[in-house]
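Go ahead and model the full structure; you've got the sequences and the hints to work with.
Below, each chain spelled out in residue letters.
There are 2 protein chains.
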Amino acid sequence: MYDLILDHISRHIRLTPAEANRFTSVLRHRKIRRRQYLLQVGDVSQYENFITKGCLRAYTVDAQGGEHIAMFGVEGWWISDLFSFLTNTPATQNIDALEDSEVLSIEKSDLEKLYIDVPEFNRLFRILLQNAFVAHQKRILASISQTAEEQYMSFIARYPTLDQRVPQHQIASYLGLTPETLSRIRKLQAKK
Amino acid sequence: MYDLILDHISRHIRLTPAEANRFTSVLRHRKIRRRQYLLQVGDVSQYENFITKGCLRAYTVDAQGGEHIAMFGVEGWWISDLFSFLTNTPATQNIDALEDSEVLSIEKSDLEKLYIDVPEFNRLFRILLQNAFVAHQKRILASISQTAEEQYMSFIARYPTLDQRVPQHQIASYLGLTPETLSRIRKLQAKK
DNA sequence: TCCAGATCTTGATCTACATCAACGTGCTTT
DNA sequence: AAAGCACGTTGATGTAGATCAAGATCTGGA
Chain A
1 MYDLILDHIS RHIRLTPAEA NRFTSVLRHR KIRRRQYLLQ VGDVSQYENF ITKGCLRAYT
61 VDAQGGEHIA MFGVEGWWIS DLFSFLTNTP ATQNIDALED SEVLSIEKSD LEKLYIDVPE
121 FNRLFRILLQ NAFVAHQKRI LASISQTAEE QYMSFIARYP TLDQRVPQHQ IASYLGLTPE
181 TLSRIRKLQA KK
Chain B
1 MYDLILDHIS RHIRLTPAEA NRFTSVLRHR KIRRRQYLLQ VGDVSQYENF ITKGCLRAYT
61 VDAQGGEHIA MFGVEGWWIS DLFSFLTNTP ATQNIDALED SEVLSIEKSD LEKLYIDVPE
121 FNRLFRILLQ NAFVAHQKRI LASISQTAEE QYMSFIARYP TLDQRVPQHQ IASYLGLTPE
181 TLSRIRKLQA KK
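First to last, the protein sequences are chains A and B.
For the first sequence, counting from 1, position 117 maps to 117 in UniProt numbering; every step adds exactly one.
For the second sequence, counting from 1, position 144 maps to 144 in UniProt numbering; every step adds exactly one.
The set of hints was computed from the structure by calculation and includes no laboratory data.
A quick note: this is a predicted structure, and the numbers were derived from the prediction, not measured.
Among the clues, some could well be false.
Derived lysine-lysine pairs resembling DSBU-like cross-links, with alpha carbons at most 35 Å apart [said to hold, decoys possible]:
(1) K31(A) / K138(B)
(2) K138(B) / K113(A)
(3) K113(A) / K108(B)
(4) K138(A) / K31(B)
(5) K108(A) / K187(A)
(6) K113(B) / K113(A)
(7) K108(A) / K113(B)
(8) K108(A) / K108(B)
(9) K53(B) / K31(B)
(10) K138(B) / K53(A)
(11) K187(A) / K53(A)
(12) K138(B) / K138(A)
(13) K138(A) / K53(B)
(14) K187(B) / K31(A)
(15) K108(A) / K138(B)
(16) K31(A) / K53(A)
(17) K53(B) / K113(B)
Shown next, in the form of structure tokens:
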């Protein structure tokens, strides 16, 4: 149950067995069925979620009802509405499952206690944030400087597994394209 | 000299006078003239820089020579090529000054020692990263879901001072627009 | 089994924004 | 004071990608 997350953590910080137990003891295991919400707009996000199985997405819904995907997550990734989680404000994103999934969730108050009891966790979450920050920065620069086709090619180069698992129109939404445009890009690419 | 940065820090963590001294003792004060580089593509970023005066920008240059602005920074903000800094790889961004500026720079090895000696700094930089992360996420969602005009209106709403200080074509570059398009958007807005 | 919805594709048309080009103004540098 | 940039504006035209519409598969639920 905890193998994946402990392995994930051990890449960044070293824990004693006691500390590892301290950590896993506050994790809550949850199963999320396909199309089921992990978080809905308006709720306050209580948890940081580590995905142990399946695939989820975080997305906003605009005034016209259009969905815009902020991030995907698969096994070994974290997913949450970080802003809601950090500031205790209502979430602006929905998170739901694209496949039957399982997550390990840590509650905010538990995480804060953990920071105090095992200071290394400050370091861990700082590193995770750094990586996420850098990924976001690349995504921004891509979106302001690349064509739709270039962005899609970068996407499949960086996330080849996601391209296989996720419906095409969800990827279009992630890239800020219409499904039709992505379909045409793929058709052109197939010829090359 | 250190008033601004100590005030900035005190919003997030509480330091003893000794810890504050420990911190300021590793800061390096630098003056950067308008158009002068703080960091150039290819160099490894050695510093995190806190701006005490002036205005800087971080930007990439694409194959066609086009500049794409990753971020602006003014007094009270941090600026760096975080990826280069964290991974000791050559920077992919230039940072230069849009006005005569001054920064306080902390070197990577000093920061790492600081994390050990004063663990609260882990917390500080985690919080700073969280804020930056959230800002980036909003920018991504804006760029994939809003029109050019909407993005510009959001920009001036969020950064009214930047809109005053920064040349218009730099803002266009930040938003991923051409200077002509931004000029036309502003003309339309003026009528409203 | 059958129906409804989800997904993807293809074509026709539209439009937001880019590109190209010219010009005015006000700094900076000498 | 002159020359040269940097910066912004405006107009004409081009194009990437959106929108609208229709149809083909496929899938899951009653």
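Taking the hints in turn, this is what the structure says about them:
In summary, the hint linking K31(A) to K138(B) is supported, as the alpha carbons are separated by about 29 Å, within the 35 Å threshold. A C-alpha spacing of about 29 Å is found between K138(B) and K113(A), which places the hinted pair at or below 35 Å, so the restraint holds. Pair hint K113(A) plus K108(B) holds up; C-alpha atoms about 28 Å apart against a cutoff of 35 Å. Proximity of K138(A) to K31(B) is assessed by CA-CA distance (about 29 Å); at most 35 Å being required, the pair is judged to hold.
Distance restraint check for K108(A) and K187(A): the Cα-Cα separation of roughly 45 Å exceeds the 35 Å cut-off, and the hinted pair is therefore not satisfied. The straight-line distance between the Cα atoms of K113(B) and K113(A) is roughly 24 Å, inside the 35 Å bound, and the hint therefore holds. The hinted pair formed by K108(A) and K113(B) meets the criterion: a straight-line CA distance of about 28 Å does not exceed 35 Å. Annotation: proposed proximity of K108(A) to K108(B) holds, straight-line Cα distance about 30 Å (limit 35 Å).
Pair hint K53(B) plus K31(B) holds up; C-alpha atoms about 9 Å apart against a cutoff of 35 Å. A distance of roughly 27 Å separates the Cα atoms of K138(B) and K53(A); the hinted pair therefore holds under the 35 Å criterion. Taken as a hint, the K187(A) and K53(A) pair is honoured in the structure, with Cα atoms around 31 Å apart against an allowance of 35 Å. The straight-line distance between the Cα atoms of K138(B) and K138(A) is roughly 14 Å, inside the 35 Å bound, and the hint therefore holds.
In summary, the hint linking K138(A) to K53(B) is supported, as the alpha carbons are separated by about 27 Å, within the 35 Å threshold. For the given pair, K187(B) sits about 53 Å from K31(A) by alpha-carbon distance, which is inconsistent with the 35 Å threshold. Our distance criterion of 35 Å between C-alpha atoms is met by K108(A) and K138(B), whose separation comes to about 22 Å. As the CA atoms of K31(A) and K53(A) are separated by approximately 9 Å, the hinted pair is consistent with the 35 Å bound.
A threshold of 35 Å between alpha carbons decides the hint, and for K53(B) with K113(B) the separation of about 27 Å falls inside it, so the pair holds.
The earlier numbered hints that this structure contradicts are 5, 14.
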